[in-house]
Amino acid sequence: MGEMEQLRKEAESLKDQISAARKAVHDVTLPEIVSGTAVVGRVQLKTRKTLRGHLAKIYAMHWGTDSKLCVSASQDGKLIVWDSYTTNKVHAIPLKSSWVMTCAYAPSGNMVACGGLDNMCSIYNLKGKDGNVKVMRELAAHTGYLSCCRFLNDSEIITSSGDCTCALWDIETGTQKTIFSGHMGDCMSLAVSHDFNMFISGACDYTAKLWDIREGACRQTFGGHESDINAIGFFPNGNAVLTGSDDGTCKMYDLRADQELITYQDPSIMCGVTSLAPSLSGRLILAGYDDFNCNIWDSLKAERVGVLAGHDNRVSCIGVTPDGMAACTGSWDSFLKIWN
Amino acid sequence: MICNLLHTYNTKAYSLESASGKLFPLAATMEEMDVPQMKKEVESLKYQLAFKREKSSKTVTDLVKWIEDGVPEDPFLNPELMKNNPWVEKGKCTIL
Numbered sequence: 001m002g003e004m005e006q007l008r009k010e011a012e013s014l015k016d017q018i019s020a021a022r023k024a025v026h027d028v029t030l031p032e033i034v035s036g037t038a039v040v041g042r043v044q045l046k047t048r049k050t051l052r053g054h055l056a057k058i059y060a061m062h063w064g065t066d067s068k069l070c071v072s073a074s075q076d077g078k079l080i081v082w083d084s085y086t087t088n089k090v091h092a093i094p095l096k097s098s099w100v101m102t103c104a105y106a107p108s109g110n111m112v113a114c115g116g117l118d119n120m121c122s123i124y125n126l127k128g129k130d131g132n133v134k135v136m137r138e139l140a141a142h143t144g145y146l147s148c149c150r151f152l153n154d155s156e157i158i159t160s161s162g163d164c165t166c167a168l169w170d171i172e173t174g175t176q177k178t179i180f181s182g183h184m185g186d187c188m189s190l191a192v193s194h195d196f197n198m199f200i201s202g203a204c205d206y207t208a209k210l211w212d213i214r215e216g217a218c219r220q221t222f223g224g225h226e227s228d229i230n231a232i233g234f235f236p237n238g239n240a241v242l243t244g245s246d247d248g249t250c251k252m253y254d255l256r257a258d259q260e261l262i263t264y265q266d267p268s269i270m271c272g273v274t275s276l277a278p279s280l281s282g283r284l285i286l287a288g289y290d291d292f293n294c295n296i297w298d299s300l301k302a303e304r305v306g307v308l309a310g311h312d313n314r315v316s317c318i319g320v321t322p323d324g325m326a327a328c329t330g331s332w333d334s335f336l337k338i339w340n
Numbered sequence: 001m002i003c004n005l006l007h008t009y010n011t012k013a014y015s016l017e018s019a020s021g022k023l024f025p026l027a028a029t030m031e032e033m034d035v036p037q038m039k040k041e042v043e044s045l046k047y048q049l050a051f052k053r054e055k056s057s058k059t060v061t062d063l064v065k066w067i068e069d070g071v072p073e074d075p076f077l078n079p080e081l082m083k084n085n086p087w088v089e090k091g092k093c094t095i096l
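Going line by line, the protein sequences match chains A and B.
With our numbering, letter number 171 in the first sequence gets 171, and the count goes up by one each step, no holes.
With our numbering, letter number 89 in the second sequence gets 89, and the count goes up by one each step, no holes.
Okay, chain A solo, but in the shape it has when bound:
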């Protein structure tokens, strides 16, 4: 038997053992535990603000930690930092490359980052001495598009790429500290745990992977989706992961038991999930779809309890404020809407 053949057999055997280990701890299902729980009442969120200013499709948005400012990225080649209370534009940053796919706000509020088909992650300093926002660093090493980025702090950022890898960067030196490889398809999105020790990535290989940032290793791999995973999020308590896929479903995975908990699906939904965000308690999951709407799901009962309708095109991004007071949706119709 050749070495390749041997390795392949070993891999298959290990996968079977992982399946068996998962089965061994699977002594209860989520529907069983919540069989006596009532579905939450109808949730009706209203549009409180519309952020107008982008001239083309919005691809991404991210809330600042103050739950007031947010940043959005559009294919009009601009990053806009908004004061969502007043709808004023705090900064309108012109980008070198208009093919932007992601943006992120640093927890400190000092920087924003973006990237896309230029294969780079560009870091902008919002608190420069002369008041002008300038490119601080261009992180270039990925050999594929930048699909997502998230700051750990002012000196470290994590990126996911169409080159099938994720990376941890030192912003100061502009170098990759760690490369996370293992996905067998384009990495489409990532989310960092609240304690900043782990992150999860969703990819076009239909799996989500949980990574230990300091070890640089993949701890767990979650399958089950039947198409690309476009959106991923950490459950507020860090013990579960949410995914949204082109297969039209969202799933919740239990990190401690290492397995799929439940699927959020409906036969009437025939388009992909583009984005998702849990509410503060995690009882609600807001998910954006290709069909211009957002569905609100009861995370425990897996039933739809509300809809955010108001965009005239695909909802490409969604975010809930850190304090849970509002949700923001961004759309290909060029508008952002604040809901609560």
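It is worth saying that the hints were derived from the structure and are not from the lab.
One should not assume that every hint holds.
In silico contact screen, one side only, chain B against chain A (beta carbon under 10 Å); selected entries [stated by the list, open to error]:
{"id": "1", "residue": "Glu43"}
{"id": "2", "residue": "Lys52"}
{"id": "3", "residue": "Ser57"}
{"id": "4", "residue": "Val71"}
{"id": "5", "residue": "Leu77"}
Even for Gly, the Cβ is constructed at its ideal location relative to N, Cα and C.
Using the hints provided, position chain B relative to the given structure of chain A.
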């Protein structure tokens, strides 16, 4: 690992044929890997197998409790928490 368009296309084509219920991509996608990549995949799987899994009866119960404990503080589920809504103007008149 360089991921060129052809690799992505091939990966997607194989995955479209796969039946649902499989936890991982088809073995067919592994055929595209070379020996060093395959060795890394095996090492990774060993590390993932070693993870200390807890019983669902404990983890799911804990998760449900955590959610239910948080519901009273969730602004989307409690209108009283939204009394001071920063996105809604207070009062109907502004003094010029």
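Now the hints, each set against the structure:
Taken as an interface hint, B:Glu43 checks out: its beta carbon lies about 9 Å from the nearest beta carbon of chain A, inside 10 Å. Hint status for B:Lys52: holds, given a least beta-carbon distance of 9 Å to chain A, under 10 Å. Taking 10 Å as the C-beta contact cut-off toward chain A, the hint placing B:Ser57 at the interface holds, the least distance being around 4 Å. Interface hint status for B:Val71: upheld, as the beta-carbon distance to the closest one in chain A is roughly 5 Å, under 10 Å.
The beta carbon of B:Leu77 is positioned within 10 Å of a beta carbon in chain A (closest approach about 6 Å), and the interface hint is therefore held.
The earlier numbered hints are all upheld by this structure, with none contradicted.
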